[in-house]
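Protein chains: 2
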Amino acid sequence: MKKDADPMAPEIGDMSPEAFRAYGYRLIDWIADYLKNAESYPVLAQVRPGDIARQLPPQPPLQAESFDEILEDFEKLIIPGVTHWNHPAFMAYFAISAPGPGILGELLSGALNINAMLWKTCPAASELEEVVLDWLRQMLGLSGEFSGVLMDTASISSLCALAAARAAIPNYRIRTDGLAGRQDVPPLRLYVSEQAHSSIEKAAILLGIGQNHIRKIAVDDAYRLRPDMLSAAIAEDRAAGLKPFCAVATVGTTATTSVDPVAAMAPICREHQLWLHVDAAYAGSAAILPECRPILDGCEAADSLVLNPHKWMFTPFDFSVLYCRHMEILRSAFSLVPDYLQTTEGEHVRNYMDYGIQLGRRFRALKFWFVIRYFGVEGLQRRLREHIRLAQHFAKWVDQQADFERMAPVPFSTVCFRWVPKALGDSFDMDSEKGRTRLNEAIDLANEKLLDEVNKTGQAYLSSTKLQGRTVLRLTIGNIRTTEAHLRRVWALLNEHTQTLVQDVDRL
Amino acid sequence: MKKDADPMAPEIGDMSPEAFRAYGYRLIDWIADYLKNAESYPVLAQVRPGDIARQLPPQPPLQAESFDEILEDFEKLIIPGVTHWNHPAFMAYFAISAPGPGILGELLSGALNINAMLWKTCPAASELEEVVLDWLRQMLGLSGEFSGVLMDTASISSLCALAAARAAIPNYRIRTDGLAGRQDVPPLRLYVSEQAHSSIEKAAILLGIGQNHIRKIAVDDAYRLRPDMLSAAIAEDRAAGLKPFCAVATVGTTATTSVDPVAAMAPICREHQLWLHVDAAYAGSAAILPECRPILDGCEAADSLVLNPHKWMFTPFDFSVLYCRHMEILRSAFSLVPDYLQTTEGEHVRNYMDYGIQLGRRFRALKFWFVIRYFGVEGLQRRLREHIRLAQHFAKWVDQQADFERMAPVPFSTVCFRWVPKALGDSFDMDSEKGRTRLNEAIDLANEKLLDEVNKTGQAYLSSTKLQGRTVLRLTIGNIRTTEAHLRRVWALLNEHTQTLVQDVDRL
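Those sequence lines, one after another, are chains W and E. So our numbering is basically just the index in the first sequence, starting at one, shifted up by 1. So our numbering is basically just the index in the second sequence, starting at one, shifted up by 1.
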């Protein structure tokens, strides 16, 4: 970045408005160029552990430093250590986006620096939150029984949902009396599929449920929770004197983006008075497409649902929405109003601090409002459709190529696949169990090598997971700047590297 | 904001770099002007419940809208509903700051939009986090046994600390077996002062401890926890077969900023094997001043400590630091690594997702790095000293004026005081208990009226709390742009309004 501005902090007070303006322009220029050229950076940072830290002074500066120096160091020391989630070939985990209007919304929210804990500490933040979350509710086709509240991450949204589920159990007074040392409260049981996100397990640990009281229900061959197994598990637990209290359905699991049969789970939950929480953090966004809306079938009977527009709705991180049909229960799980936060507006306003863990709350609604308005619902739909089209394309390429294998259905924008080097088949005795096991291990290793080689190029970033014990590569499309050209390049990269690797099968 | 840029979203993809640049400049201009003129806005938003929401369309826009329109609405519809935490006469709750370098750091972090869950998903974010939190540790004079981890809020930091405290209890296997339905786990007991923050109670509810198992220890006449009462409570609980596991000391309570005697609490906690957590969210910042460092005396023996640079260290919200002396215990409370997040760097790197609830983590370290370097440690010290000097000034004015009364010591930048209209004394029989009670109620009401009148002017924003059942006004200084002139203006406002109100004592 070029130097041009009043460089130093004044003796007291803030940076001068002139300096802020000059440096602000420079950063806007830098970001505009950065986003334009994101693909010229290596996706995955090409540094070794400690490379960044060892270039930074071990002690803080006593004297003020010039902002020029700081920005120079940002470019020289920080940027080489950044893994570029903005790179259009970032296709690992779930790809995310920071589009222009979202970044600008984030900028304004950083500048306003309000705390939306109470309505009166920023009425616009509370009311805009209510309005935009209702917009999103309508876009998803959820009933007006659902109210939304903004959280930072799905980890927190699901924790709050499970806390509400616990609070909804009648007669146990867990809020006041806790869970420990009580004769009258049996172990609480939580039901999820084997494919549920780790955040659910973390929440169960925090809430004092315990990992051993999470029943991980088996999935079918498309990685969807089996309702018959859910019923059986609940019956078994009830017979054993345990207390089933909550089930979590996932709409778009992390590994394969499978969709649990919510419509079949809902009556089971109702019958046994279980809270039904839906984790639609990633795939829920797709429900704004009429052709995908069936993924939320049954969700009208859910008690809560989480969706993360920071994943696949082009909103900068962090921005997670918790919808709940029983706001009074969510409130009863959390509300604590100390003397210094008493208000006089009463029931006319929603003080959002009452509905979650954090007292401090950013002005998150602003960036989402910018994103929805700037792209429009139809613009968002076009972009999601394109991502799904690209993923289907990639799945077809995998299906059509003999030495690749697709490992799961592709309902959205994520493809699980693996390389199956044909040459390997010759090295093992396929008639013996042991031979087949060793072949599978060799294929796993080959895929790990392939992933490592592709990611090391800095031209693409894919991730991996395990399915039925086997290593599987994952490619996901979610970045607003990803085009078919990027996808073709990644496919070419994969093929280039399989050709190199296969030349030395022994090394595999 | 003036219009000048390419207004509409393209069919597909992101805002063009040209549009981003033009709108970015406009927002930088707007923010520079806004911060310069922050005091020309009413501090407390002058709107009624529903005023903002009813001006917004009930349904989301199907078609893209121009960014010009969005920014116009931001100014016209949103800004009037903003309570301006940037206003230099915002002196309610704890005042906070968004200084120029912090806003610019936030802008870059919004643009990079990384997720620092794993080291490799942004090595620079993880390593900069490690470095700047170690800088802060040194600034506070904490021993190298403490490691830091970035959280969003103290609500979450303290929740994580208490989760670690629970995980540290030997033999109970709470992570796996939970708390419910067990014969071998007695009720867990948590010790805090009557003045502790509500976030501690919320954490105890979440963790399944229960509100009734929080022992609220009495305070002395300076609102500090009484160690003798702590000892007695622990002994009583142990005798009753309960399980004391954690005590929380507050360095800077929310109501009066009193400092619990950590050095006296630490040996008690050691003796009874309690985890000692220190909530220094607000006042911890003052420990970077050598003359204030004694407030952390005893903290070297604490197990964890939370400090929020977003409160009183000029860092935009959100930015909370949890220091812990037993990172392996914190990790054991949280770490869950699913297949899709397995890594190969092993023990060489810190994957911060292992140390907290949230899997998703913003690049928070960047703004703090900007703030420390731009102001320098000495610059931060100058600003904190000035805030303390201003608060002492205000306390003196209160002390010197006959119809005002100071209600607590002023160790930092917060003053608790109340108006005592002398005229009221004549209206009640001071020789009777009932007369004195009615006088106190009348004084409470007078202070509520005074607060309301002052806040309604939009020229200042103060808050209130209760101390020993009495309504008390709170003035706090924490905004980087607050000067003595602003403080004088607030004092004048208070006096103007007492004079108006006192003319009609009957109305009180």
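Misleading hints may appear alongside valid ones.
[Claimed, not checked] Pairwise CB distance ranges, derived in the manner of DEER restraints:
1. W:Ala493 - E:Val338: 51 to 57 Å
2. W:Leu63 - E:Glu195: 37 to 43 Å
3. W:Pro171 - E:Asp340: 35 to 41 Å
[Said to hold, decoys possible] Below, a list of computed lysine-lysine pairs in the DSSO-like style, where the Cα atoms sit at most 30 Å apart:
4. W:Lys37 - W:Lys121
5. W:Lys217 - W:Lys467
6. W:Lys121 - E:Lys244
7. W:Lys121 - E:Lys77
8. E:Lys77 - E:Lys37
9. E:Lys467 - W:Lys244
10. E:Lys77 - E:Lys121
11. W:Lys450 - E:Lys121
12. E:Lys121 - W:Lys77
13. W:Lys457 - E:Lys423
14. W:Lys121 - E:Lys37
15. W:Lys467 - W:Lys457
16. W:Lys121 - E:Lys435
17. W:Lys467 - E:Lys121
18. E:Lys435 - E:Lys467
19. W:Lys121 - E:Lys457
20. E:Lys423 - W:Lys37
21. E:Lys121 - E:Lys37
22. E:Lys450 - E:Lys435
[Said to hold, decoys possible] Residues from chain W shown here face chain E by an in silico Cβ test under 10 Å; the list is partial:
23. Arg55
24. Val220
25. Leu290
26. Arg294
27. Pro295
28. Arg326
29. Phe405
30. Met431
31. Gln460
Keep in mind the hints are simulated off the structure, nothing from the lab. Even for Gly, the Cβ is constructed at its ideal location relative to N, Cα and C.
| task | Would you check the hint for E:Lys77 and E:Lys37, treating anything up to 30 Å between C-alpha atoms as holding? | result | holds, 19 Å
| field | chain E contact restraint for W:Pro295 - C-beta distance below 10 Å | value | Nearest chain E Cβ about 21 Å off; hint violated.
| query | Does the Cβ pair W:Leu63, E:Glu195 satisfy 37 to 43 Å? | reply | Between W:Leu63 and E:Glu195, where Cβ atoms are some 40 Å apart, the hint holds.
| request: Could you check if W:Arg55 really has its C-beta closer than 10 Å to a C-beta on chain E? | output: holds, 9 Å
| message | Holds or violated: W:Lys121 and E:Lys435, Cα atoms, limit 30 Å. | response | violated, 36 Å
| Can the restraint linking E:Lys121 and W:Lys77 be considered satisfied, given a maximum Cα separation of 30 Å? | With Cα atoms ~19 Å apart, E:Lys121 and W:Lys77 stay inside 30 Å; holds.
| Does the structure keep W:Lys121 and E:Lys77 at a Cα separation of 30 Å or less? | Between W:Lys121 and E:Lys77 the Cα gap is close to 19 Å, so the pair holds against 30 Å.
| task | Given the hint that E:Lys121 pairs with E:Lys37, test it: the Cα-Cα distance must not exceed 30 Å. | result | violated, 40 Å
| message | For a C-alpha distance cap of 30 Å, please report whether W:Lys450 and E:Lys121 respect it. | response | The given pair, whose Cα atoms are some 17 Å apart, holds under the 30 Å limit.
| Are the Cα positions of E:Lys450 and E:Lys435 separated by 30 Å at most? | holds, 23 Å
| task | Given the hint that W:Lys217 pairs with W:Lys467, test it: the Cα-Cα distance must not exceed 30 Å. | result | holds, 16 Å
| query | Holds or violated: are the alpha carbons of E:Lys423 and W:Lys37 at most 30 Å from each other? | reply | violated, 68 Å
Hints 1, 4, 6, 9, 10, 13, 16, 20, 21, 24, 25, 26, 27, 28, 29, 30 and 31 from the list above are not met by this structure, while the remaining hints are.
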